[in-house]
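Visitor: Below, each chain spelled out in residue letters.
Protein chains: 2
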Amino acid sequence: MNTQKPHIIDGINELKQISEWKTMTCLTGMRPTGKLHLGHYVGALKNWIEMEKIPNIRNYFLIADYQALGDYLDDPEKIRQSVKDIVIDWLSVGLDPKKSCFIVQSYVPEFAELAFYLNMFATYSEVMRNPTLKDEIAKIEKRESNNGISIGFINYPVSQVADILLPRGEIVPVWEDQIPHIELARKIIDRVNKKTGTDFPLPKALLSDIPRLTGIDGKEKMSKSLWNAIMISDSLPEIRKKVQKMYTDPNKTSVESEWNVENHVVFMYLDIFYEDKEYIRNLKKRYTEGWPDSIGDGELKQILVATLDAFISPIREKRTYYEAHLEIIKEVIDSWATRFRTEAKELLLELRAKMKIADYGA
Amino acid sequence: MNTQKPHIIDGINELKQISEWKTMTCLTGMRPTGKLHLGHYVGALKNWIEMEKIPNIRNYFLIADYQALGDYLDDPEKIRQSVKDIVIDWLSVGLDPKKSCFIVQSYVPEFAELAFYLNMFATYSEVMRNPTLKDEIAKIEKRESNNGISIGFINYPVSQVADILLPRGEIVPVWEDQIPHIELARKIIDRVNKKTGTDFPLPKALLSDIPRLTGIDGKEKMSKSLWNAIMISDSLPEIRKKVQKMYTDPNKTSVESEWNVENHVVFMYLDIFYEDKEYIRNLKKRYTEGWPDSIGDGELKQILVATLDAFISPIREKRTYYEAHLEIIKEVIDSWATRFRTEAKELLLELRAKMKIADYGA
Numbered sequence: 236m237n238t239q240k241p242h243i244i245d246g247i248n249e250l251k252q253i254s255e256w257k258t259m260t261c262l263t264g265m266r267p268t269g270k271l272h273l274g275h276y277v278g279a280l281k282n283w284i285e286m287e288k289i290p291n292i293r294n295y296f297l298i299a300d301y302q303a304l305g306d307y308l309d310d311p312e313k314i315r316q317s318v319k320d321i322v323i324d325w326l327s328v329g330l331d332p333k334k335s336c337f338i339v340q341s342y343v344p345e346f347a348e349l350a351f352y353l354n355m356f357a358t359y360s361e362v363m364r365n366p367t368l369k370d371e372i373a374k375i376e377k378r379e380s381n382n383g384i385s386i387g388f389i390n391y392p393v394s395q396v397a398d399i400l401l402p403r404g405e406i407v408p409v410w411e412d413q414i415p416h417i418e419l420a421r422k423i424i425d426r427v428n429k430k431t432g433t434d435f436p437l438p439k440a441l442l443s444d445i446p447r448l449t450g451i452d453g454k455e456k457m458s459k460s461l462w463n464a465i466m467i468s469d470s471l472p473e474i475r476k477k478v479q480k481m482y483t484d485p486n487k488t489s490v491e492s493e494w495n496v497e498n499h500v501v502f503m504y505l506d507i508f509y510e511d512k513e514y515i516r517n518l519k520k521r522y523t524e525g526w527p528d529s530i531g532d533g534e535l536k537q538i539l540v541a542t543l544d545a546f547i548s549p550i551r552e553k554r555t556y557y558e559a560h561l562e563i564i565k566e567v568i569d570s571w572a573t574r575f576r577t578e579a580k581e582l583l584l585e586l587r588a589k590m591k592i593a594d595y596g597a
Numbered sequence: 236m237n238t239q240k241p242h243i244i245d246g247i248n249e250l251k252q253i254s255e256w257k258t259m260t261c262l263t264g265m266r267p268t269g270k271l272h273l274g275h276y277v278g279a280l281k282n283w284i285e286m287e288k289i290p291n292i293r294n295y296f297l298i299a300d301y302q303a304l305g306d307y308l309d310d311p312e313k314i315r316q317s318v319k320d321i322v323i324d325w326l327s328v329g330l331d332p333k334k335s336c337f338i339v340q341s342y343v344p345e346f347a348e349l350a351f352y353l354n355m356f357a358t359y360s361e362v363m364r365n366p367t368l369k370d371e372i373a374k375i376e377k378r379e380s381n382n383g384i385s386i387g388f389i390n391y392p393v394s395q396v397a398d399i400l401l402p403r404g405e406i407v408p409v410w411e412d413q414i415p416h417i418e419l420a421r422k423i424i425d426r427v428n429k430k431t432g433t434d435f436p437l438p439k440a441l442l443s444d445i446p447r448l449t450g451i452d453g454k455e456k457m458s459k460s461l462w463n464a465i466m467i468s469d470s471l472p473e474i475r476k477k478v479q480k481m482y483t484d485p486n487k488t489s490v491e492s493e494w495n496v497e498n499h500v501v502f503m504y505l506d507i508f509y510e511d512k513e514y515i516r517n518l519k520k521r522y523t524e525g526w527p528d529s530i531g532d533g534e535l536k537q538i539l540v541a542t543l544d545a546f547i548s549p550i551r552e553k554r555t556y557y558e559a560h561l562e563i564i565k566e567v568i569d570s571w572a573t574r575f576r577t578e579a580k581e582l583l584l585e586l587r588a589k590m591k592i593a594d595y596g597a
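Going down the list, the sequences are from chains A and B. The opening position of the first sequence corresponds to residue 236 in the working numbering, with each subsequent residue numbered one higher. The opening position of the second sequence corresponds to residue 236 in the working numbering, with each subsequent residue numbered one higher.
Pulled out of the complex, with its shape left as it was, chain A reads as follows:
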């Protein structure tokens, strides 16, 4: 445990140790921005699958669609489709709704109600200091009109605190730059506890040690909006086309240094997705040392296409199945919404009682 920062858990191995003697609730999620890509898999889903295997961890996987709904008021159908796609992706990579709670935020209006109460405990100035919010506002203000910022957007750091608190989340997987969100959550929940006498858990950040996956351009992190993403639903021709476009070492005409292999995008992906690490070491040797057993980018790309297709095709197969059985998706969403709303209502009743807000009339 990082004693300097008691609210940070340094990676999944530290979590495994802690959870040996304690049952814990983990809240993590995604925004519905469409089908998922390999970056989501490497940066999140792979870890979530690991988390599901830890016996004492209860996982809540959230699809945070409220903010997205606000951003796509003119095209809400897009968000609905995204939500479906994400649940299909989650099931297809092997996440298990029997073990974990899959929550679609907008199916649980208790999130909105809790955010409304938490707003009373959060100060305007501390919310406006949130670095992500500041960045986003700066971005929006650079545009022609800054009318674009909704009051809902200003509320989103507190809305995220509600996302964590409603399932009584104790662990939130984050990257380093998201730690201020956890710190804000702790501050607000601590204030609720002190002012009202509740005993809600202060969440800890589970720090990711996995770097974000670089896109096929070799420059930016993988993102659908940057057109540098391989989707976990891509077909073999799509995978092939994208791998063909991949950045490779532009100096590959003379003898190469190890350094160049390290930044070679095709190898970057092979390192992650090819199981037999010995084989990859050998490929790198052949690639850098050249003659007599040299291998070129063309062959490497063929190997990567086969590797990615081997990884993606079982996922794709399951995807096809779920797309033909959308009633399963609906059932997962609906039944979890019902079950989770029962828990959520209990938390709200507890908070309302402590705040001396009388019972609901109904």
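Hint data in this document are derived by calculation from the structure and do not stem from the laboratory. A few of these clues could be false.
Pairs involving identical chains hold if they fit within one copy or between any two copies, as the list cannot separate such chains.
Claimed, not checked - Computed list of lysine-lysine pairs in DSSO-like fashion (alpha-carbon distance at most 30 angstroms, straight line):
| hint | residue 1 | residue 2 |
| --- | --- | --- |
| 1 | 313 | 422 |
| 2 | 422 | 369 |
| 3 | 519 | 580 |
| 4 | 430 | 281 |
With the hints as your guide, set chain B onto chain A.
Guide: Only chain B this time, still in chain A's reference frame:
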């Protein structure tokens, strides 16, 4: 109808004309800041009683306690007591829960949910332009620390729009300085209608032609926090004590002008509360013309004490009854909360359907 400003209805007589050919919903309310005083009666309750008599008007009387809860996080019991006191006051002055809907905001979490959705439609800049919000923020910022502004407070102009929309309010009684709130409500609800295809009414302001009642100091408008208020629950000794303290004309040693009578606080109250206007005209004559039938401040005050006590004592009597029968208060609050929540849920389902947010899981 004010054709320049189609969103303004000029007083209750204009409303009576409009409502002859149209059923309309009126939303009005109070913040729970304790027992009510004569200023509340003159400025609001008297009109509400009138409104209840107009056949085609359906009235919703709201106790807006969410904001107050945020302001008194350390003393929530105070707000609960206030809510009870207000319902007792409303019943005691003759408002009729058989005719009108009495709503306690915090009993209806649908207000919070609706405000959360409306936040997506309201821009940060238009909310921050709201004059009341600007004034309040300026006041708070003058204090030692401006940490005092909660994010909930920033949300309150939109929260007020939710208060109007949830009962599908078409008419909102306001004073002139509150018109910007109605204009914001119209703007946001219009945006909801245009973006989602709902057909929610755009509220109109029912402009009050009654000046706000001046306090017993003769300077500021009546307000409990300025210690210049006569409560509608005051006992005879309390009324007497307060009337004794009343400002009277400091120049009353020589012959008086009519003007001085106009600004004489005791006459100000007699004008409002004494039924027989002829009798008051005569008193004024005796007071200003002096000899041979002169009357002094002492006698005037005795008349006012009797007048106010005659007005307040039946209210006080009913108050005593209701305080001994708090189960009636509870029943009014609870049964209306239940009934109103059914309506509220319908509106939310309608809005959610138009926003393509799927049905709740439960």
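Visitor: None of the hints should be skipped; say for each whether it holds.
Guide: Right, here's what the structure says about each hint:
1. 313 with 422: between (35 angstroms within a copy, 26 angstroms between copies)
2. 422 with 369: Answer is both; intra-copy 19 angstroms and inter-copy 27 angstroms each pass.
3. 519 with 580: The answer is neither: 56 angstroms in one copy and 63 angstroms across copies each exceed 30 angstroms.
4. 430 with 281: neither (39 angstroms within a copy, 39 angstroms between copies)
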